[in-house]
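J.: 32 is the number of the first residue of the sequence shown in the working numbering; add one for each residue after it.
Treat the hints as calculated values from the structure; they're not laboratory data. Among the hints, erroneous ones may be present.
Simulated crosslink set (EDC-like; lysine to aspartate or glutamate; CA at most 16 angstroms straight-line) [what the hints assert, rightly or not]:
no., residue 1, residue 2
1, 270, 326
2, 251, 163
3, 200, 326
Cβ-Cβ distance ranges computed for the label pairs, FRET-style [what the hints assert, rightly or not]:
no., residue 1, residue 2, range
4, 88, 359, 29 to 37 angstroms
5, 333, 257, 22 to 30 angstroms
6, 342, 106, 24 to 32 angstroms
7, 63, 257, 40 to 48 angstroms
8, 322, 222, 55 to 63 angstroms
9, 204, 333, 25 to 33 angstroms
10, 322, 215, 45 to 53 angstroms
11, 92, 297, 42 to 50 angstroms
12, 222, 289, 26 to 34 angstroms
13, 108, 323, 14 to 22 angstroms
14, 257, 222, 39 to 47 angstroms
Note that the Cβ used here is the ideal one computed from N, Cα and C, for glycine as well.
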Amino acid sequence: MGASSGQALKVSIAMATYNGEKYLQEQLESFLHQTRPPDELVVCDDASFDSTIRIIEAFAKRAPFLVHVHCNSQNMGYLKAFERAIRFSKGNIIFLSDQDDVWFPEKIERVLNAFQCADSPLVVINDATITDHHLKPTKRTILQQVLSARLSVGSFVSGCCTAFRSELKTILLPFPQEYGGHDNWIHQIGKALGRRKVIPYPLQYYRRSQFATSQYFVNKTRRVTIIDRILFYMSQNSKEACLKRLKLLHILVERLIEQGPKLEKALGETLELEKTIKRIREEQRIVNKRLALLEKPRLKRLPMVWQMWRKKEYEYFSGWMSLIRDLVQK
32 MGASSGQALK VSIAMATYNG EKYLQEQLES FLHQTRPPDE LVVCDDASFD
82 STIRIIEAFA KRAPFLVHVH CNSQNMGYLK AFERAIRFSK GNIIFLSDQD
132 DVWFPEKIER VLNAFQCADS PLVVINDATI TDHHLKPTKR TILQQVLSAR
182 LSVGSFVSGC CTAFRSELKT ILLPFPQEYG GHDNWIHQIG KALGRRKVIP
232 YPLQYYRRSQ FATSQYFVNK TRRVTIIDRI LFYMSQNSKE ACLKRLKLLH
282 ILVERLIEQG PKLEKALGET LELEKTIKRI REEQRIVNKR LALLEKPRLK
332 RLPMVWQMWR KKEYEYFSGW MSLIRDLVQK
C-alpha cells in the first residue's frame, strides 16, 4: 500500500459542479464535519452561471483544508468536468463527489479503513441512503434497491459513492467518450483487476432531485423489484449494447497492455495482467458470438441460443432475460 495508516494517506475530494447553488452548501458543510478531514477539495466548475463559484470561494476562506477551483470557460459536460477534477487531484486516495449529496461524518475514515484491508482494493464503493430532494430519507439504500431488483452486488455502481487509488489515473484517464459515464468505467477496471471492495452500509445521503443526472431505475425513491429490471432491460437494444460493450472492452484491453506495467510499477506489485487480458478476450469472443446471433432472422436463432445457454455464456449478460430477448427482439 505504501502508506501505513489512513492518516498517512493524503485524501482528495474531486467534485464537478454546474449551477449547483441550491444544494451545494449542504454538501460542503458535510466535508467540514468529517472525523477524518480531507487534505484538499478539487472542484471543476462546468461554466456555471448561478452563484456556485461564490459559494465555493466563500467556503474556501473558512475550510481547514485546501480548496482548488478550476473553471471551464464553456460547458463541457460532467464527464470532462470530473476528468479535470481528477487530473488536478494530488491525494493518494481520490473521493468522487456530486454537488447535491451529504456525507455522513465517518465516511472518509471508514473508506480509508477499507483501503487498508488485506485484499488491498484499488476501488472502494460505499452504500448510500436514498432521499427525496428535501433530503428526507427513504427507507431504502442504493444497494438494497440493486438486490431488490435481483441484480448482483457486482452491478452496484455509483460515482458519488466511489473512491479509488490515485495510481489508477494511469489507466482511467482520459475517460472513454463511448462509455457515457465515468463511474461505470472506474468500476469496470476495478472489477477486471479483481480489486474492488463494497462497503455494504450507507455512508452518505443520495439526493434524488429533478436535476439528478442518473436516471437508472435502481436510484428511484420507491422500492424497485425484478419487474422494474425486466421493463428496463427489455427496453434496451441488444445489438447496440453489444457493439458498445465491444468498443469498451477493446479500450480496456488497450489500456491494460499500454499502461498496465506502469500501474504495476506505481503500486509496487504485480496484477496478473496476462490473466486479466485473457479473461477480457474471452468476454469479447462471447459478445461477438451473441452479436452474430442477433444478425440472424429470429426463427434461425434458436440453435445458437440453446448452445449459448448450455455453455452458460448468457451469464456474461442477464441470464434468462437475455435469452428471451434474443428470441423475440428484431
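J.: Now, for every hint given, state plainly whether the structure supports it.
T.: Status of the hints after comparison with the structure:
For the proposed pair residue 270 and residue 326, the alpha carbon gap of about 8 angstroms is at most 16 angstroms, so the pair holds. For the suggested pair residue 251 and residue 163, the alpha carbons sit about 9 angstroms apart, so the restraint of at most 16 angstroms is met. Taking the CA atoms of residue 200 and residue 326, the gap is about 38 angstroms. The hint is violated against a cut of 16 angstroms. At roughly 56 angstroms, the beta carbons of residue 88 and residue 359 sit outside the given window of 29 to 37 angstroms.
With their beta carbons about 25 angstroms apart, residue 333 and residue 257 fall inside the hinted range of 22 to 30 angstroms. Taking 24 to 32 angstroms as the suggested C-beta distance range, the pair residue 342 and residue 106 does not conform, at roughly 47 angstroms. Taking 40 to 48 angstroms as the suggested C-beta distance range, the pair residue 63 and residue 257 conforms, at roughly 41 angstroms. The hint said 55 to 63 angstroms for the Cβ distance between residue 322 and residue 222, and at roughly 22 angstroms that hint is violated.
Restraint check, residue 204 to residue 333: a C-beta distance of roughly 44 angstroms breaks the suggested window 25 to 33 angstroms. A hinted range of 45 to 53 angstroms for the beta carbons of residue 322 and residue 215 is inconsistent with their spacing of about 20 angstroms. About 35 angstroms separates the C-beta atoms of residue 92 and residue 297, a value inconsistent with the hinted range of 42 to 50 angstroms. Look at residue 222 against residue 289: about 20 angstroms separates their beta carbons, and that is not inside 26 to 34 angstroms.
Separated by about 34 angstroms at the C-beta atoms, residue 108 and residue 323 break the suggested range of 14 to 22 angstroms. Hint check: residue 257 to residue 222, Cβ distance near 23 angstroms, so the stated range 39 to 47 angstroms is violated.
The structure shown violates the earlier hints numbered 3, 4, 6, 8, 9, 10, 11, 12, 13 and 14.
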